[in-house]
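Student: Full structure from sequences and hints, please.
2 protein chains.
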Amino acid sequence: MKNFTTLQWKGGIDGCLELTDQRKLPAQFITIQCKTPDELFDAIKTLAVRGAPAIGVAEGFGVCLAARQIKSSKLSDAVKLIEEKADYLSKSRPTAVNLFWALERMKKTACGFAVKNPNAAIDDLKQRLLAEAQKIYDEDVQMCHNIGINGEKFVPAGGAVLTHCNAGALATAGDGTALAPVFEAQRKGKKFKVYVDETRPVLQGARLTAWELHQAGIDVTLICDNMAGVLMKEGKVNAVFVGADRIAANGDAANKIGTYSLSILAKEHKIPFYVAAPSSTFDLKLKDGSQIPIEQREPHEVLNFMNIKTAPEGVKVYNPAFDVTPAKNITAIITEKGIVQCPTEEKIKKTLNS
Amino acid sequence: MKNFTTLQWKGGIDGCLELTDQRKLPAQFITIQCKTPDELFDAIKTLAVRGAPAIGVAEGFGVCLAARQIKSSKLSDAVKLIEEKADYLSKSRPTAVNLFWALERMKKTACGFAVKNPNAAIDDLKQRLLAEAQKIYDEDVQMCHNIGINGEKFVPAGGAVLTHCNAGALATAGDGTALAPVFEAQRKGKKFKVYVDETRPVLQGARLTAWELHQAGIDVTLICDNMAGVLMKEGKVNAVFVGADRIAANGDAANKIGTYSLSILAKEHKIPFYVAAPSSTFDLKLKDGSQIPIEQREPHEVLNFMNIKTAPEGVKVYNPAFDVTPAKNITAIITEKGIVQCPTEEKIKKTLNS
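Residue numbers (our numbering), protein chains in the order written: chain C, 1 to 354; chain U, 1001 to 1354.
Incorrect hints may have been included.
[As the list claims (entries may be wrong)] Derived lysine-lysine pairs resembling DSS-like cross-links, with alpha carbons at most 27 Å apart: (1) C:K233 <-> C:K270; (2) C:K270 <-> U:K1316; (3) C:K233 <-> C:K190; (4) C:K233 <-> U:K1328; (5) C:K10 <-> C:K24; (6) C:K236 <-> C:K190; (7) U:K1233 <-> C:K287; (8) C:K287 <-> C:K233; (9) C:K309 <-> U:K1267; (10) U:K1191 <-> C:K316; (11) U:K1045 <-> C:K267; (12) U:K1328 <-> C:K236; (13) U:K1193 <-> C:K309; (14) C:K2 <-> U:K1024; (15) C:K270 <-> U:K1190; (16) U:K1107 <-> U:K1045; (17) U:K1233 <-> C:K233; (18) C:K316 <-> U:K1190; (19) C:K267 <-> U:K1267; (20) C:K316 <-> U:K1316; (21) U:K1024 <-> C:K233; (22) C:K233 <-> U:K1287.
[As the list claims (entries may be wrong)] Pulled a few chain C residues facing chain U out of the computed Cβ check, cut under 10 Å: (23) F192; (24) R200; (25) L203; (26) A210; (27) V220; (28) T221; (29) C224; (30) K233; (31) T259; (32) V302; (33) T310; (34) F322.
[Said to hold, decoys possible] Partial list, derived from the structure: chain C residues whose beta carbon lies under 10 Å from chain U: (35) T36; (36) V115; (37) K116; (38) P118; (39) H214; (40) E301.
Everything labelled a hint here was simulated from the structure, so no lab data went into it.
From the three backbone atoms N, C-alpha and C, an ideal C-beta is built for every residue, glycine too.
Tutor: Put into C-alpha cells, the structure is as follows:
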C-alpha cells in the first residue's frame, strides 16, 4: 500500500538516516539525510519527521548516529557517549512517549552489549546498535499491520470515518496507526469515505493525511477543524479514528490538539471514538492523563502560515501541541496486541500482557 | 471606541459607498469605493464587507447605488428598477437575513414614496432612499450600543471570554454585536481577557477580531479553533460570546461555521453561551433552524491558506460557511430590546415586541 518511505537507514554502521521531509509536503516530495544527532534533533523539533511511532523509530537510529561520533576505542567511553547523546535526543519533543521508550531500549542495548562483550571492538557495538534500531523499525511495521487487522472491523462499510492530524504511514515506519484499519478495509474491498480535519496550526491533516489517502485512491474529503461538529450532526460520520502520543495507565490519551474536542463532539452525537496506538505508546507509570507533559509550541505557528502573517503584531497566542482525551470518551483503544473496549487500567494491563 | 469606519456613504444622492476592505486586514488597512450595485455585490460575495448587520446596512446603501442608475424620469420606471436591483443584490449571500430585511425595507420605502408623491422628481426619490439607508445605518449604531449595555453584565470581571469569527465593529456600523458587551465592559473599567478562535477558513477571528481588540487595548489571545475544548477544560473560559446571521422563531441560531461545535463544548464544560444579535437578525417566518439556508462556499478557501496551497490536488472539500446552534445550547440571546434567557418562541416574541 505504502508507496513512499517515511524514514530509512542508508548504508552500514557509518550510514545515515534518510527522512521524507514532511515540512514540504504536499507541495514537494523530498528527502533529507541526517548524519549527526544534532541534525536529527532539529529534524524532529521542526517536524520534518513527526508522529509518535515514527519519532520512536527515528530516535533508535539517532543512537546509531551518536555511535558514529565515538572517538575512543574504549567500550566504556563509547557507552558513556551513547548515553549522553540519547539523553540529549530525548529533549527533542516532550509529549510522545515512544521516543523515550526507544532511547531507553537503545541505551540498554549498548550497556548490555558492553557488559557481555567487554573485549568487543567499537564496530561490533555499532553493529549491535544498528541491528536493534532496525528491529524497532521492523516491529513498527508489524505493529501497524496488526493494528490494521485488529481495527478493520470498526471501519463502517458504506459509511464514513473522520480522522484528525496524521496517524498514517507518514507517522510510522509502516501503514500507520489510526489509518492502518482504513488501509486494511480498503484491501478487503470495503467502500467508505474518509473525512480529514485539516488540523491547525501545522495542517498535518490537509498536508499529510489527505495526501496519503488520495495517493492510495481512498475517497477523501477535507474539512476545517471547526466543521467536525456539523458533519456529525448531519449524520455524515459513523466513526472517529485517531492516534495517540502517550496513553496513561487508566486509558487517558494525549494526541494532537483538537482530539479532546472531537471526543466530546463524538459523545454528543453517539459516534464511536477509536484511539489506535502501539503498546510502546502506553506509559503505565502515569496514573492518568493529568501527568502527561504537554508541549507548548511557538506562537509563530498560529500567527503565520508559511511566513504570511495572519494576525496583527503583539497579539498573544496559546499553542499547546496536544491535549488529553479522558478514557471515558474513548470507545476502544486498538493496539497491535488486541482491542481494549471502554478502557480501564485493568483491561489495558491485561491486553498489553497478553 | 471605534477608530475606523466599516462602511459609510460618501457624497449626496449620486455619491458612493466606501468600505474598509476586510479581505486585506490586518496586513493592509485600505478602503474601496462601490459605485454600482455590481461592485457592491462583488464586495459582499468576496467578503470585502461581511457580518450580518454590516451587510444589511451595505445593502441599504446598495439601493442608493441602484438609484444612481435610474435613466427614466418616470417614478414607476424608477421603482421598478429599484425592485429589480434589490432582488439582484439579495442574491449576494444566502444565510444572513439582515440583507433581505434591509432590501425589503428599501423597496417598501421606494414604493411608499412613489405612491404618496406621484409627482415627485427622481432626485426626491433618491433623497428619500438615501435618508432611509442612513437611518438603517444610524439604527445599527444604536442597536450595537444597546446590545453592549444589555450584555455587559455577562462579561466576567477578572475572567475570560471566548469569541468566534468577527461579530465586532467590522461586522456592523457600530461597535459590534458579540463584542459590544466586551467594549462596554472595557468602558466600565472591568478587567478581563478575550480568547479569539482564528476561525478557519477565512480567519475572521485572527485577521479581524484579534486586530479590533488589540487596537482597542483589550487583552487578547489567539487560538486555533481546535483549541477551544482544552481551554475550557483547563478552566480558562468563563463565557462564550458569538453573533448570529439568522435566528429562527424558536431561537435556533445560524452563525459562522464552528459555532455549533463551540456550543456543545460550552455545554459539556458548563460555560454560559451567549448569542448577541439585533432584532433584524430574527426570521420569525422560520419555525426552526433546519429551515435556514446554509451557504456552501468554494473549495479553494479550504484547500489554500492565504492563497498558499495546503492540500493535494483532487481532494474533495466540504465548506459550509455557517452552522446552526440549537436554542437549547444557548444560555441567552442578547438583543437591543432586551435579553432572552433560555430562548423559546414565546419569550423571543415577547422581547421583540417590547
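Student: For each hint, tell me whether it holds in the structure or not.
Tutor: Hint check results:
About 10 Å separates the Cα atoms of C:K233 and C:K270, which keeps this hinted pair within 27 Å; it holds. Taking the CA atoms of C:K270 and U:K1316, the gap is near 26 Å; set against the 27 Å cutoff, the hint holds. At most 27 Å may separate the alpha-carbon atoms for a hinted pair to count; C:K233 and C:K190 meet this at roughly 24 Å. As the CA atoms of C:K233 and U:K1328 are separated by approximately 15 Å, the hinted pair is consistent with the 27 Å bound.
Taking the CA atoms of C:K10 and C:K24, the gap is near 21 Å; set against the 27 Å cutoff, the hint holds. Under the criterion of a C-alpha separation no larger than 27 Å, the hint pairing C:K236 with C:K190 is consistent with the structure, at around 17 Å. Under the criterion of a C-alpha separation no larger than 27 Å, the hint pairing U:K1233 with C:K287 is consistent with the structure, at around 19 Å. With a CA separation close to 34 Å, the supplied pair C:K287 and C:K233 exceeds the 27 Å bound.
Taking the CA atoms of C:K309 and U:K1267, the gap is about 33 Å. The hint is violated against a cut of 27 Å. Restraint check: the Cα-Cα separation between U:K1191 and C:K316 comes to about 16 Å, which is no more than 27 Å; the hinted pair holds. Pair hint U:K1045 plus C:K267 does not hold up; C-alpha atoms about 36 Å apart against a cutoff of 27 Å. Taking the CA atoms of U:K1328 and C:K236, the gap is about 22 Å. The hint holds against a cut of 27 Å.
With a CA separation close to 23 Å, the supplied pair U:K1193 and C:K309 stays within the 27 Å bound. Only pairs whose Cα atoms come within 27 Å are accepted, and C:K2 paired with U:K1024 is rejected, the gap being roughly 42 Å. For the hint pairing C:K270 with U:K1190, the CA-to-CA distance comes to about 41 Å; that exceeds 27 Å, so the pair is violated. Taking the CA atoms of U:K1107 and U:K1045, the gap is near 21 Å; set against the 27 Å cutoff, the hint holds.
Distance hint between U:K1233 and C:K233 is fulfilled; the C-alpha atoms sit about 22 Å from each other, no more than 27 Å. Distance restraint check for C:K316 and U:K1190: the Cα-Cα separation of roughly 20 Å lies within the 27 Å cut-off, and the hinted pair is therefore satisfied. Distance restraint check for C:K267 and U:K1267: the Cα-Cα separation of roughly 13 Å lies within the 27 Å cut-off, and the hinted pair is therefore satisfied. Restraint check: the Cα-Cα separation between C:K316 and U:K1316 comes to about 34 Å, which exceeds 27 Å; the hinted pair is violated.
A hinted pair counts as satisfied when its Cα atoms are at most 27 Å apart, and U:K1024 with C:K233 does not qualify at roughly 34 Å. For the given pair, C:K233 sits about 19 Å from U:K1287 by alpha-carbon distance, which is consistent with the 27 Å threshold. Hint status for C:F192 relative to chain U: violated, with the closest Cβ pair at about 14 Å, above 10 Å. The closest approach between the C-beta of C:R200 and any C-beta of chain U is roughly 4 Å, which is under the 10 Å cut-off, so the hint is satisfied.
About 5 Å separates the beta-carbon of C:L203 from the nearest beta-carbon of chain U, less than 10 Å, and the hint is met. The restraint placing C:A210 at the interface with chain U holds, with a minimum CB-CB distance near 5 Å, inside the 10 Å limit. For the restraint placing C:V220 at the interface with chain U, the shortest Cβ-Cβ distance is roughly 6 Å, inside the 10 Å limit, so the hint holds. Interface restraint check: C:T221 against chain U, minimum CB-CB distance 4 Å, threshold 10 Å, status holds.
The restraint placing C:C224 at the interface with chain U holds, with a minimum CB-CB distance near 4 Å, inside the 10 Å limit. Of the supplied interface hints, the one on C:K233 holds, with its beta-carbon coming within about 7 Å of a beta-carbon of chain U, less than 10 Å. For C:T259, the interface hint holds, the least distance from its beta-carbon to any beta-carbon of chain U being 8 Å, beneath 10 Å. Checking C:V302 against chain U by beta carbon gives a least distance of about 6 Å; that is within 10 Å, so the hint holds.
The beta carbon of C:T310 is positioned within 10 Å of a beta carbon in chain U (closest approach about 5 Å), and the interface hint is therefore held. Checking C:F322 against chain U by beta carbon gives a least distance of about 9 Å; that is within 10 Å, so the hint holds. Hint on C:T36 is violated. Least Cβ distance to chain U is approximately 31 Å, over the 10 Å limit. For C:V115, the interface hint is violated, since its Cβ never comes within 10 Å of a Cβ in chain U; the closest pair sits about 45 Å apart.
Interface hint status for C:K116: violated, as the beta-carbon distance to the closest one in chain U is roughly 47 Å, over 10 Å. Hint status for C:P118: violated, given a least beta-carbon distance of 51 Å to chain U, over 10 Å. Nearest Cβ of chain U to the Cβ of C:H214: about 5 Å, under the 10 Å cut. The hint holds. Interface restraint check for C:E301: the shortest CB-CB distance to chain U comes to about 9 Å, inside 10 Å, so the restraint holds.
When the structure is compared with the earlier hints, violations turn up for hints 8, 9, 11, 14, 15, 20, 21, 23, 35, 36, 37, 38 and for no others.
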